[in-house]
Amino acid sequence: MAAKTLTIDGRLVGAHENQTVLEAASEAGIKIPTLCHLDGIADAGACRLCLVEVAGSPRLHPACVLKVAEGMEIKTQSERLRKYRRLLLELLFAERNHVCAVCVANGHCELQDLAMDLGMDHVRYQYRFQPFAVDVTHRLFGLDHNRCVLCTRCVRVCSEVEGAHTWDMEGRGAKARVITDLKQPWGEADSCTSCGKCVHGCPTGALFFQGSTVGEMERDRTRLEFIVTAREKKQWIA
Amino acid sequence: MVLNDLLEIKERERKARKGTVLRCCVAAGCLSANSQAVKDGLDKAVKEKGLEGQVEVRGVGCMGLCCQGPLVQEDPAETLYVKVNPEDAPAIVDALGKNPAPGLPTTDPHAPFFKKQMPVVLENCGRIDPERIESYIAEDGYLALHDVILEMTPKEVVENVVKSGLRGRGGAGYPTGLKWATVAKTVGERKFVICNADEGDPGAFMDRSVLESDPHRVLEGMAVAAYAVGASQGYIYVRAEYPLAISRLQAAIRQAKQYGLLGGGIFESPFNFNVEIRIGAGAFVCGEETALMSSVEGKRGSPRPRPPFPAESGLWGNPTLINNVETYANVPVIIRKGAEWFSAIGTEKSKGTKVFALAGKIRNTGLIEVPMGVPLREIVEEMGGGVPDGSEVKAVQTGGPSGGCIPAAALDIPVDYESLAKVGSIMGSGGMIVMDEDTNMVDVARFFMEFCMDESCGKCVPCRTGTVQMHQLLDKIIQKRGAAEDLERLEELCDVVKNTSLCGLGQTAPNPVLSTLRFFRHEYLELLKQRETGAQPPA
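From first to last, the protein sequence lines stand for chains B and H.
The first sequence: position 64 = 63 (numbering that gives the first Met the number 0), numbered continuously.
The second sequence: position 340 = 339 (numbering that gives the first Met the number 0), numbered continuously.
The following block holds chain B by itself, in its conformation from the complex:
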């Protein structure tokens, strides 16, 4: 596998040719904000928070799916990128009912962390205040659509790591929702193995363990990484 050298934020970085800019950056200790990305599963390029500037390209590129190339010059921070990222977060907060104060994931939420990191302290758009359902039919887990950001991490982790494909999407645009099986209540979704990988993968408080209350919902991301590393590289690193 050939190695490539590229410049990220003025620093020379080496990477394998099959790596993405996001991987190369994170190995070099350069942090690019992400939401729909999760180590161990395929990238979707959906949240648009990891957009970076590539010298010579008029467009912005999502770092999570952009393959490295020799001599590539990447800028992960600029006034323009920061503005876009803040606006995208504002749009996400306005879309559903994200009320941190009563959320199980308060303090352990990637959306909340992003808002703090990017300095998004208030939302200037009209909150949608749409009613969303909560599904607590599953014995162990619950789903609260109010807090879902449609990152589809649950869909991908269920399909790719667990192999169950219980999760999928219904509807489109603002009507899009994550569903279990053919839109059965989660508790009746036969394909669900109750493995809990989706709950560990969820960035917000949308998927949670039954019985957890405000701020209690902590997740173990390393579990997913452990499984994927073991499976792909035959390395059992706990």
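Be a bit skeptical, because a hint or two may be false.
Unchecked claim - Here are the simulated DSS-like pairs of lysine-lysine, each with C-alpha atoms no more than 25 Å apart in a straight line:
{"id": "1", "chain 1": "B", "residue 1": "K82", "chain 2": "H", "residue 2": "K497"}
{"id": "2", "chain 1": "H", "residue 1": "K17", "chain 2": "H", "residue 2": "K43"}
{"id": "3", "chain 1": "H", "residue 1": "K497", "chain 2": "B", "residue 2": "K66"}
{"id": "4", "chain 1": "B", "residue 1": "K174", "chain 2": "H", "residue 2": "K475"}
{"id": "5", "chain 1": "H", "residue 1": "K184", "chain 2": "B", "residue 2": "K66"}
{"id": "6", "chain 1": "H", "residue 1": "K298", "chain 2": "B", "residue 2": "K182"}
{"id": "7", "chain 1": "H", "residue 1": "K497", "chain 2": "B", "residue 2": "K174"}
{"id": "8", "chain 1": "H", "residue 1": "K348", "chain 2": "H", "residue 2": "K336"}
{"id": "9", "chain 1": "B", "residue 1": "K174", "chain 2": "H", "residue 2": "K298"}
The hints are simulated quantities; they were obtained by calculation from the structure and are not laboratory data.
Everything numeric in this text was worked out from a predicted model, so none of it was measured.
Keeping the supplied structure of chain B fixed, place chain H upon it in accordance with the hints.
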């Protein structure tokens, strides 16, 4: 099938032609105006008068002047009857060869609407019977495919398309030859060609008309493309809203297979090519190439980031060529008449012709084909006949929800890819909606924003949530509840949605707002002012 068989069919078909032909449009527009009954009536009248030996009643595809349907044209006299009723049939047959039937409305087939056209893609539209392959073969159909397979190398075919200067007719105008060359050069065990017939822009019906009127032309273009890039399987992705186009395509594929013009060993060569139809389920976003391919694969039709482009990794990860209906429809004629002939038409950077669907506040709504570079004014005022009630043209919308509104002041621009882009619109697939003085441009922007909001797939954040917010702001402004900061916010959202969305739908969704803001900003400001002056919002 060898060349002689093909020529024999052509000869037989031409010999069997009768002295007089009554062409009756049976494409979707006229059919919905009861043209099937007109055709049946003509058949019956011809039979009753015992003229079957001399007169042929032929169901044909679109004749263009859709607003005047059902249309019937008599050949060789050229009399063009408009708004024909089934009861008029005997009178038309009575008057054959003489003057037009008295009392029946006709229109001048040499009027600017027809005369200024240049039929290349539509050369057979309204002339041949779309349900009979022989009718297409009689007009030199499948001859290009023969020449390509037996006399040209794939490389020569690609070179020909490159030389012709053909650019994608789906909207973006990517050089077709370059696309073909890329797919041809990409190494892959299997390759695919796809025809994008998921025409979804409001007011656009170019591809539908081509498929309904001349389906074999598209199949031939696809087969040529498949030979050029080294594919053996093709898919046509048609939207379910086009049942007639689907059934005519199905019939065309069946007939072509029977004649050995599709399938295994075409023209007794080792070249195989099969075509299957995939029917969309009503999602606009499936016109975006990566979403379309995902849908063909049987998955949810949502786009994925490019690169990798379909030419490198398309259908099931294989190199895939994907072109629009009209692009493929240009191919047979480029092969038959040569790249030089084609590149002599149009402007320096936009070669050939373009089919437009004229709609909106215009006298002659319908389908036209003009050489690239004609002034927009000529299309709207001379061919289209201007606004019906004598009011003035205010703007022309091209490119559907991804395009923009061209103000009347800019009507003198030539219609080509670059000039349209300069005034903030796009060529698009060919929808052209004319708006008159009564049109509220903010409302136009809201209409297209609502369309994009409903059609957003929901995958990426800016398109899913940004279109909702923009629609809400436009609504607020129209209801005279908007303030200056709402306009600021709207512009800010246009910027973020345009620059951060995943696919073309989101990236172009702000265009109708941006272009109306550019040319009709005063209408937005007027609405804002009305709020400040305390004008009551409408109930």
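Against the structure, the hints come out as follows:
1. K82/B - K497/H: Holds, at about 14 Å.
2. K17/H - K43/H: 17 Å, holds
3. K497/H - K66/B: 23 Å, holds
4. K174/B - K475/H: Within the cut-off at roughly 21 Å; holds.
5. K184/H - K66/B: 21 Å, holds
6. K298/H - K182/B: 17 Å, holds
7. K497/H - K174/B: Holds. K497/H to K174/B sits at ~21 Å (cutoff 25 Å).
8. K348/H - K336/H: 20 Å, holds
9. K174/B - K298/H: 18 Å, holds
The structure agrees with every numbered hint stated previously.
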